[in-house]
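There are 4 protein chains.
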Amino acid sequence: MAILGYKEYFKGIGEIKFEGKDSDNPLAFKYYNPEQVVAGKTMREHFKFSIAYWHTFCGQGGDPFGPGTQSFEWDKASDPIQAAKDKADAAFEFIGKMGFDYFCFHDYDLIQEASTFAESEKRLVTITEYIKEKKAASGVKLLWGTANCFSNPRYMNGAATNPDFDVLSRAGGQVKLALDATMALDGENYVFWGGREGYMSLLNTDMGRELDHMGQFLVMARDYARAQGFKGNFFIEPKPMEPMKHQYDFDSATAIGFLKEYGLEKDFKINIEVNHATLAQHTFQHEIATAAKAGMLGSLDANRGDYQNGWDTDQFPNNIQETTEAMLVFLKAGGLQGGGVNFDAKIRRNSTDMEDVFLAHIGGADTFARALLTADKIITSSAYDDLRTKRYSSFDAGKGKDFEAGKLTLEDLYKVAQENGELELKSGKQELFENIINQYI
Amino acid sequence: MAILGYKEYFKGIGEIKFEGKDSDNPLAFKYYNPEQVVAGKTMREHFKFSIAYWHTFCGQGGDPFGPGTQSFEWDKASDPIQAAKDKADAAFEFIGKMGFDYFCFHDYDLIQEASTFAESEKRLVTITEYIKEKKAASGVKLLWGTANCFSNPRYMNGAATNPDFDVLSRAGGQVKLALDATMALDGENYVFWGGREGYMSLLNTDMGRELDHMGQFLVMARDYARAQGFKGNFFIEPKPMEPMKHQYDFDSATAIGFLKEYGLEKDFKINIEVNHATLAQHTFQHEIATAAKAGMLGSLDANRGDYQNGWDTDQFPNNIQETTEAMLVFLKAGGLQGGGVNFDAKIRRNSTDMEDVFLAHIGGADTFARALLTADKIITSSAYDDLRTKRYSSFDAGKGKDFEAGKLTLEDLYKVAQENGELELKSGKQELFENIINQYI
Amino acid sequence: MAILGYKEYFKGIGEIKFEGKDSDNPLAFKYYNPEQVVAGKTMREHFKFSIAYWHTFCGQGGDPFGPGTQSFEWDKASDPIQAAKDKADAAFEFIGKMGFDYFCFHDYDLIQEASTFAESEKRLVTITEYIKEKKAASGVKLLWGTANCFSNPRYMNGAATNPDFDVLSRAGGQVKLALDATMALDGENYVFWGGREGYMSLLNTDMGRELDHMGQFLVMARDYARAQGFKGNFFIEPKPMEPMKHQYDFDSATAIGFLKEYGLEKDFKINIEVNHATLAQHTFQHEIATAAKAGMLGSLDANRGDYQNGWDTDQFPNNIQETTEAMLVFLKAGGLQGGGVNFDAKIRRNSTDMEDVFLAHIGGADTFARALLTADKIITSSAYDDLRTKRYSSFDAGKGKDFEAGKLTLEDLYKVAQENGELELKSGKQELFENIINQYI
Amino acid sequence: MAILGYKEYFKGIGEIKFEGKDSDNPLAFKYYNPEQVVAGKTMREHFKFSIAYWHTFCGQGGDPFGPGTQSFEWDKASDPIQAAKDKADAAFEFIGKMGFDYFCFHDYDLIQEASTFAESEKRLVTITEYIKEKKAASGVKLLWGTANCFSNPRYMNGAATNPDFDVLSRAGGQVKLALDATMALDGENYVFWGGREGYMSLLNTDMGRELDHMGQFLVMARDYARAQGFKGNFFIEPKPMEPMKHQYDFDSATAIGFLKEYGLEKDFKINIEVNHATLAQHTFQHEIATAAKAGMLGSLDANRGDYQNGWDTDQFPNNIQETTEAMLVFLKAGGLQGGGVNFDAKIRRNSTDMEDVFLAHIGGADTFARALLTADKIITSSAYDDLRTKRYSSFDAGKGKDFEAGKLTLEDLYKVAQENGELELKSGKQELFENIINQYI
Ligand SMILES: [Co+2]
Ligand SMILES: [Co+2]
Ligand SMILES: [Co+2]
Ligand SMILES: [Co+2]
Ligand SMILES: [Co+2]
Ligand SMILES: [Co+2]
Ligand SMILES: [Co+2]
Ligand SMILES: [Co+2]
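Chains as they are written, first to last, in full-length UniProt numbering: chain A, 1 to 441; chain B, 1 to 441; chain C, 1 to 441; chain D, 1 to 441.
One chain only, chain A, in its complex shape (with noise of 0.2 Å):
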């Protein structure tokens, strides 16, 4: 239900609600039945769709071309403090429109950083309270929190890289704050995005100091909120590169060897963006396959890229196809540990009418709902995953199943192979693969 504040900012717009997919209105789900159960749980918990504040709330459509074009009511107060308010309001209101149960921040979307830490300090505490309000009035919650290590002129050569000192502390003292801000606010879980943990150029870089410093904070963030009795999980969100050449976290094998190396594969999972991923060279599909591997699939920011735009660009998801085949890999992975689908999506420059970013989460969250329907299908209807299957049943009896017992050594292959003699050629049969998923969309 959406909770408005003093006043409604989206007038005009009610809750969208699910009207199937021959309804033509624009402000209504087509796929996305929060309540239908698919593959034994509801669609709302397969999800747990949540919004971006910075992006819905805070972006304004800036790009290094020009400033913001979407100019919104709820930033008019002067007083930080009411503007934030105002904000949380506005949030509110559009995730009850929405109809969706969580939220995801940056401790400085919430409300503006101050010109010092103890007045920061003290704004973050009087919005968490508010805040606390809007959730327990509306049932919303919180998905993650995090802290914006990388926007003040401060963190320009990273936080916990940083080759200063002072620097790494100060950005310890602000994730100290952000994890009570997101205590406070029952958050089901914490994320490290590596903003600028990484380097310009690798010419003035110690990168194995900086990594060591990177291990020993989130080593130090984990030891603090574990104390205080948090017991969500934390996030690392891999992203290659932007905004510095090389970011540490290039992406999730990455992040999962970093994690071994510091003793934190128990506490951290991996929340995988789409468009980071496809930034790295890989499909959605292959990183979220990647950490349910490791046993580390968390969260998911679900937004797209534009593969032919070498940069984050943050669009909704709206791709059919990837999506189908990112829920076929979810569905067989069982889904998330502790996490949702987070849109860290932004509607572009110039959608600049109120009504395009309902629009835009709509499309969106058809897209998933739509994806998880097909995938679905496909699992229970379709040739596929007996196809899939079969073509590694040569190690589920026999000599195979004693390979991957560990029961043979080299000469023991060596021994089938001369006994074998040629083999004949089976097809990997890609085309049918594909042909049936399309089938299904």
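One thing to keep in mind: the hints can contain errors.
EDC-like cross-link-like pairs, simulated, lysine to aspartate or glutamate; straight-line CA separation at most 16 Å [unchecked claim]:
hint, chain 1, residue 1, chain 2, residue 2
1, A, 245, D, 63
2, C, 266, D, 261
3, A, 426, B, 166
4, D, 231, D, 166
5, A, 426, C, 356
6, D, 332, D, 376
7, B, 401, A, 8
8, D, 415, C, 355
9, A, 390, B, 166
10, C, 401, D, 212
11, A, 76, A, 8
12, C, 11, C, 355
13, C, 415, D, 119
14, D, 377, B, 22
15, C, 399, D, 166
Residues of chain D clear of chain B, computed beta-carbon distances all greater than 10 Å [claimed, not checked]:
hint, residue
16, 78
17, 338
18, 377
19, 428
Here are some chain B residues the structure puts well away from chain A; computed CB gaps all over 10 Å [what the hints assert, rightly or not]:
hint, residue
20, 17
21, 42
22, 138
23, 213
24, 289
25, 338
26, 377
27, 404
No lab work stands behind these hints, which were simulated from the structure alone.
Given the structure is predicted, the values throughout are model-derived calculations rather than measurements.
Cβ atoms here follow ideal geometry from the backbone N, Cα and C, with glycine treated the same way.
Chains B, C and D with the ligands: place on chain A using the hints.
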């Protein structure tokens, strides 16, 4: 010294000598002076330059749009064993004339694979014996051997990651023979480049199961070789894509994580190829730094890619700046662990003169030698090293040092942040660093 | 109807029928219904689906990392003329079973090139005669012919742009024969894809001179064919890179500019390949729109690339959204001028079942058919077209119309600006447009 | 000579002098010796180095992930006219200290745009007067002016290609004022970089209509300026993407074709930016060669991109090999037509020392100077030019010459092919060419 067989293949070309940078002789080294000492070692020791048997003696300039253009005398014999011996003669003549000390091979570079496994084994034994003699006569050594488990159609769905246990076994048998040949030739190392270990489509692939198979397979190969008394290093050579859409050994970070996952990190190190690094959106120097940080900087495959052509072009190294930056990291890391610099590079399809392959190797060796000289001068004579070290000096004492030692908590950082107040910005001086590099080139 | 030769090559596979989207028969069309009328024409007429002789009957799955995996019955004859006839038999059997009307070829797809020019000419005449009979018997037509002036080593430095006049002349002779064969077979069009027309290194290249040669060469080819009575279109097929680092016919805009430069724009149109479009960082639909704007939308090479593997993967089309957007532009442009939709696509190297090539073509045809149906519905039933037209309505009357007619000066605009004052922002509604497309898929 | 205003902004930094390559002074030129004659002209004349007002005096290091880090004294005044004058003072001080002769600007680089068109016009007139005086006092000249028709939200859907005639008119008014300012300041050229002329989504775009509008708009701008007596060149600066998904002026070939389409080729030339070239998958040298071939090599925007970060990083030039190859083409083309070498480059976000921008320009100027010296030496002293010329010598006489003169038919080529028989392969010698370049660096 160049050892000839019964005929001279590279007539008219003698041993390549160092003549210095003022020489206009295209068939002389201008920077590579094998016995010149740089940073405590001769260039010969630093680099251990190696010829890649496959490109230099097997490749004929074919590409997906046409067959080979380079027709070699040593391929004329119709008997495969004679042809293999002729090729070995040509190889040792070439290596000797270049004045290099090493070569690298895949099993079926040495001799054409036969139509049966048993016959292939016999051929390998025969050619290994022959090359043993050439080695003894010339003093040329084997940097590393490997098995080509990707060209034969039987491996079209992978070798160690093939969904069919019989194909995996065949690969196991082949790797056994390649290990035997490598050991017979006193190979200093053994390489795994994951030819078709990866997937063309995730739709028909069980990635988790395939990765487990690959881990198991490497464990068995290591155990076999160690049992036979092999003391050298195993290397994994990462590559992100091609031939498969996704290769499992994507980059150094991924391979290092994989090796640790399967308990292989003591025996394996990384063999970094320049063009594979850049295809993975890393720089050569980044990959060196990553492997060095993990204590796994094993060997280098020297070549270069074309940043604008998204496949492995394997051109000869000629990028002065890229190689200089790499040599900076190389020197700081203390060089390679067991490996050397192997020219995994091929002349262009339209380079059809016999001298072209000499020119190419000369250009490559000079690029590395010049880069080493420049990097050494930058480290010993310029402000570079000092500037870089000072950036991190706040961690060399006081609380910064305590942080590195794991003695601080997040709350300690919070207190530092409170006390510090707002911080001055410290320039990263990237342009200064870059100017210094160029000043010394 | 499928015409068999003396034997049936694709045994067990009959003619592929339309069975509709609820069919689970992998060997049936689900969307492609040849006689179904969409937007005033049958699907058969819209598409003129064509088989690419090279991929489907010559390609064997080889790649830079291994030889072919697909072994064909029709390649078994040792006599090149018999092998060519067998291949033609297989081709016409396949085309007939697919129910398509067209094929395309390169000269030496039809028959293996001989060791002399004279003998090659004889072979071409022989096979042309044979195919003429197959055409007559089957009703299958020739969409276009072309000459392969890139595979033979003699063309390693280019054909029409070779620095050596003798090689250029040889290409000229070959093109004459290919034109003769195309005309003998009533080819409706003739294509130039600039195989190795470009450069590997600009260092050894006089680009200006090479471009002039290419222009002159095309002028001569056109003049010859017209003099022989050829009434069809000439097409240029752009591609940005591969095999050469830079191909001269980079994209449609470049090719159109080139054609105009050399006075060829009346006789030539553009043949757009999907994967070439995306390698050039354009979309398929962008290239269609570019050619259509110039009145040069000639023909389409249907396939798809992998956005993450930077070479021409030539996969079969299966991207529903990409093709739908392309069909929107296609329908608005009034379709193709003279050409058709040629499946310039190959099954994956590991697709080794005889049925795989049928499955692949079925998937491709269904993707285009479904996209056409969807695009037609979007145009006729949704708000799409109207929304798009209204965005430009200010140019349909008043000063906007005067501007388009060239009746205003810059000072007139200045006055309008002065009078208007500040303007309201008008949303581009991208998310709404995208949602509409997905609603109709 | 550096002209100061009422205060000195770059205190402690004097005029940058040439000290030669053995100097360790970071604030001295090591290669750029303005009065040194190379290939018949002084370096000063060859390059006409220019400062980009926007990056050097307006940019503050902001990026999509955080606001500016560089805080400038000259931005402190609250009155926009005073601030603009202070910035002009700083600019002329900087240009003078660098010893450069030129600058380039966008209209609203010079002074902040006001809230109304009329007030903006007044501001522009005021600052133009002020700069006129600075120019007179310093001797610094205006290489080119341009209008920023992309930052203001009103241009979010394009300027000349906006779907709304009112926005197009506003752009027209703005371009008139920018032309007036350029002419008032004796600008030698005027540039159009198509900021948001392109599309974010083809779905909502009528590309043909937009291109016609852009052509019409440029015709009107040219006619206006010519009528006012402007004798300089107009330039188009191509860029393939960013900010729009697709920019209409994709690359030089596209822009040249566009200019000819609308009859603009006599008045317009091309301004090539390095980073725009590489984003379009071309090299800098390719774009220079393309423009030179069309007789349209107008001007250069000197910078460099990061081949691995797919956006316009606008780093300062430091790539020695890339620039050397570019200077080879530059010298062969006879240099620039009317333009110069403008440093369209910005220091990194974390380069926050006042000296950094000097270091950056010094590094850039030295890179070009060194490249020019090297290229000249290659042309005059090495085998390079002769090797390249001889590759084409078969077209300098006999039938090759007849071919170039258009005297042969396709049948003539056919006869040559018949007579020639099979041809010898001629090596392209790419590795030799590359080695020669590196020998001279
Ligand atoms: Co994200
Ligand atoms: Co993102
Ligand atoms: Co390699
Ligand atoms: Co390679
Ligand atoms: Co094609
Ligand atoms: Co293709
Ligand atoms: Co520029
Ligand atoms: Co730029």
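Verification of the hints:
Proximity of residue 245 of chain A to residue 63 of chain D is assessed by CA-CA distance (about 13 Å); at most 16 Å being required, the pair is judged to hold. Our distance criterion of 16 Å between C-alpha atoms is met by residue 266 of chain C and residue 261 of chain D, whose separation comes to about 15 Å. Among the hinted pairs, residue 426 of chain A with residue 166 of chain B is consistent with the structure: their alpha-carbon atoms are about 11 Å apart, no more than 16 Å. The straight-line distance between the Cα atoms of residue 231 of chain D and residue 166 of chain D is roughly 30 Å, outside the 16 Å bound, and the hint therefore fails.
For the proposed pair residue 426 of chain A and residue 356 of chain C, the alpha carbon gap of about 12 Å is at most 16 Å, so the pair holds. Between residue 332 of chain D and residue 376 of chain D, the direct Cα distance comes to roughly 10 Å. Compliance with the 16 Å bound is thereby established for this hinted pair. For the hint linking residue 401 of chain B to residue 8 of chain A, the alpha-carbon distance of about 53 Å lies beyond 16 Å, and the restraint is violated. Between residue 415 of chain D and residue 355 of chain C the alpha-carbon distance is near 45 Å, which puts this suggested pair outside the 16 Å criterion.
The hinted pair formed by residue 390 of chain A and residue 166 of chain B meets the criterion: a straight-line CA distance of about 14 Å does not exceed 16 Å. The hinted pair formed by residue 401 of chain C and residue 212 of chain D meets the criterion: a straight-line CA distance of about 12 Å does not exceed 16 Å. Straight-line distance between C-alpha atoms of residue 76 of chain A and residue 8 of chain A comes to about 14 Å, which keeps the hinted pair within the 16 Å bound. Note on residue 11 of chain C and residue 355 of chain C: the hinted pairing holds, with a Cα-Cα distance of about 10 Å set against a maximum of 16 Å.
Only pairs whose Cα atoms come within 16 Å are accepted, and residue 415 of chain C paired with residue 119 of chain D is accepted, the gap being roughly 15 Å. A threshold of 16 Å between alpha carbons decides the hint, and for residue 377 of chain D with residue 22 of chain B the separation of about 13 Å falls inside it, so the pair holds. Simply put, residue 399 of chain C and residue 166 of chain D have alpha-carbon atoms about 9 Å apart, close enough for the 16 Å limit, and the pair holds. At roughly 23 Å, the least C-beta separation between residue 78 of chain D and chain B is larger than 10 Å, which holds for a residue marked as non-interface.
The Cβ of residue 338 of chain D sits about 29 Å from the closest Cβ of chain B, beyond the 10 Å cut-off, so the non-interface label holds. With 10 Å as the threshold on Cβ separation, the claim that residue 377 of chain D sits away from chain B holds: the shortest Cβ distance comes to roughly 12 Å. Listed as outside the interface, residue 428 of chain D is inconsistent with that label: its C-beta sits roughly 4 Å from the nearest C-beta of chain B, within the 10 Å cut-off. The claim that residue 17 of chain B lies off the interface holds: its Cβ sits roughly 34 Å from the closest Cβ of chain A, which is beyond the 10 Å cut-off.
No Cβ of chain A comes within 10 Å of the Cβ of residue 42 of chain B; the nearest lies about 27 Å off, and the non-interface call holds. Non-interface call for residue 138 of chain B relative to chain A: holds, since the shortest CB-CB distance, roughly 31 Å, exceeds 10 Å. With a closest Cβ-Cβ approach of about 7 Å to chain A, residue 213 of chain B is found to fall inside the 10 Å limit, against its non-interface label. For residue 289 of chain B, the condition that its CB be more than 10 Å from all CB atoms of chain A is violated, with the nearest at approximately 5 Å.
With a least CB separation of 20 Å from chain A, residue 338 of chain B remains clear of the 10 Å interface cut-off, as annotated. At roughly 15 Å, the least C-beta separation between residue 377 of chain B and chain A is larger than 10 Å, which holds for a residue marked as non-interface. Once the 10 Å rule is applied to beta carbons, residue 404 of chain B is inconsistent with being away from chain A; the minimum gap is 7 Å.
The earlier numbered hints that this structure contradicts are 4, 7, 8, 19, 23, 24 and 27.
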